[in-house]
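Protein sequence lines correspond, in order, to chains A and B. At position 35 of the first sequence (counting the first as 1) the number is 34 in numbering that gives the first Met the number 0, and the numbers step up by one without a gap. At position 252 of the second sequence (counting the first as 1) the number is 251 in numbering that gives the first Met the number 0, and the numbers step up by one without a gap.
Heads up, some of the hints might be wrong.
As the list claims (entries may be wrong) - Here are the computed lysine-lysine pairs in the BS3-like style, where the Cα-Cα straight-line distance is at most 30 Å:
no., chain 1, residue 1, chain 2, residue 2
1, A, Lys4, B, Lys31
2, A, Lys5, B, Lys31
3, A, Lys4, A, Lys135
4, A, Lys140, A, Lys103
The set of hints was computed from the structure by calculation and includes no laboratory data.
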Amino acid sequence: MTYLKKSPWLLHYDASSCNGCDIEVLAALTPLYDIERFGIINTGNPKHADIFLVTGGVNAQNKQVLINTYEQIPEPKVVIAIGICATSGGIYRECYNILGGIDKVIPVDVYVPGCAARPESIIDGVVTALGILEQKRLAMKTKTETKMVRAGDAQ
Amino acid sequence: MIPEYLVPVIWAVLYLILAPIAGGLIAGIDRKVTARMQGRVGPPLLQSFYDVAKLFEKENLVVTASQNFFVLSYLVFMAVAGALFFSGGDMLLVIFAFTLSHIFLVLGAYASYSPYSHIGAERELLQIIAYEPMIILTAVGMYMVTRSFFVSAIVTSDIPVILYLPGVFIGYLIVLTIKLRKSPFDLSTSHHAHQELVKGVTTDFGGPNLGKIEVAHWYEYVFLLGVVWLFFAWNPIIAVAAIIIAYFLEILIDNTIARVKWQLMIRSAWIIAGTLGLVNLGVLYYLRMVGIP
Numbered sequence: 000m001t002y003l004k005k006s007p008w009l010l011h012y013d014a015s016s017c018n019g020c021d022i023e024v025l026a027a028l029t030p031l032y033d034i035e036r037f038g039i040i041n042t043g044n045p046k047h048a049d050i051f052l053v054t055g056g057v058n059a060q061n062k063q064v065l066i067n068t069y070e071q072i073p074e075p076k077v078v079i080a081i082g083i084c085a086t087s088g089g090i091y092r093e094c095y096n097i098l099g100g101i102d103k104v105i106p107v108d109v110y111v112p113g114c115a116a117r118p119e120s121i122i123d124g125v126v127t128a129l130g131i132l133e134q135k136r137l138a139m140k141t142k143t144e145t146k147m148v149r150a151g152d153a154q
Numbered sequence: 000m001i002p003e004y005l006v007p008v009i010w011a012v013l014y015l016i017l018a019p020i021a022g023g024l025i026a027g028i029d030r031k032v033t034a035r036m037q038g039r040v041g042p043p044l045l046q047s048f049y050d051v052a053k054l055f056e057k058e059n060l061v062v063t064a065s066q067n068f069f070v071l072s073y074l075v076f077m078a079v080a081g082a083l084f085f086s087g088g089d090m091l092l093v094i095f096a097f098t099l100s101h102i103f104l105v106l107g108a109y110a111s112y113s114p115y116s117h118i119g120a121e122r123e124l125l126q127i128i129a130y131e132p133m134i135i136l137t138a139v140g141m142y143m144v145t146r147s148f149f150v151s152a153i154v155t156s157d158i159p160v161i162l163y164l165p166g167v168f169i170g171y172l173i174v175l176t177i178k179l180r181k182s183p184f185d186l187s188t189s190h191h192a193h194q195e196l197v198k199g200v201t202t203d204f205g206g207p208n209l210g211k212i213e214v215a216h217w218y219e220y221v222f223l224l225g226v227v228w229l230f231f232a233w234n235p236i237i238a239v240a241a242i243i244i245a246y247f248l249e250i251l252i253d254n255t256i257a258r259v260k261w262q263l264m265i266r267s268a269w270i271i272a273g274t275l276g277l278v279n280l281g282v283l284y285y286l287r288m289v290g291i292p
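Extracted from the complex, chain A is given alone in its bound form:
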């Protein structure tokens, strides 16, 4: 069953963003839009999260933090890069301290460009991510099933 789509829990991390995109992300999470209607919960804990929202172009200092946080999220998980900085580095691309996009550090599933990304496009990105989440779950399932078949073959 596709329960993942009915209760996606979010984790939001600011990887050296100017806070513009963060404000838009938080705007989409306020009680005004009441995202709990769709079972979405904004969690502060990577171990409870399904969807990882990242803003900013990542610098050398928070690279490791980003990797650690990503690795603590249990599979299946999706990463959404929000804003043009997270997508490609944006206007900071050539900066000496900016790595230039989240995908230089962790695998990204959905890109939401914009400066700042509009709440509507962020919500659209999350909806796209739900579809990918479901695909990943099915892929995970087949992987374990193949493993079991192989174990049976060996006997």
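Mind docking chain B on chain A? Use the hints.
Relative to chain A, chain B alone:
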């Protein structure tokens, strides 16, 4: 007809099967009512079931393998405590199993290395310290009124227990706030999307383990509301009404009062237990001594 010796077994089995369903529905109603109190629409009624089903679809990520054992023990002992209660067992044994299950949760949180998990575990212990005296007083009070520690005897007695134990009942409602993880006493972990201490005692549990904790919590809901029933057991209609009003009050308190520090939690829980609970039992004892039934 069902033979009499099978009745407790049937009650226990019914509890083990139906309590998660009832508990999940209570959690769903709780979230809906909470959302309405905050001027929101709220999640679907079955959202808690979706959440747990999703958690069981996820990868089981643990820091140490012993976490699996502790979480499973938490769930099993919580179910055992409730099953003992609903099969009409000894209240003291029920409380013992109930406390033991929470100790397993604390051990599970201590088994990881996260400081947030450790602080959550410490706060969970403080909560146990805060509510335990009042829970024991509840059992003792029921013994003083009905002359039995057995739930089967308390529930079939036609004495209106609540009229003898109003103080103990108010004290029990106060510790119910701690037990249901409601603000002002949701120190170790909270149902809301607050991010204090990351997620307290459940910080290092993800996927199926978190799902088991949720299911244990559903068992706990039904057991705790079952104790409310005992106060009103002589009249089932009043008992159901009392459970609904008590739970509504808990949601109202949850949404109107800010979280307190642990010192104030222990102080208020113990002062309530010490005054309302003990004075109630003292008066009852005195009345017995002078011969008033």
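To see whether the hints hold, each was checked on the structure:
1. A:Lys4 - B:Lys31: Answer holds: A:Lys4 to B:Lys31 is near 20 Å, not above 30 Å.
2. A:Lys5 - B:Lys31: Roughly 16 Å between the alpha carbons, so the hint for A:Lys5 and B:Lys31 holds.
3. A:Lys4 - A:Lys135: It holds: about 12 Å lies between the C-alpha atoms, which stays within 30 Å.
4. A:Lys140 - A:Lys103: Between A:Lys140 and A:Lys103 the Cα gap is close to 28 Å, so the pair holds against 30 Å.
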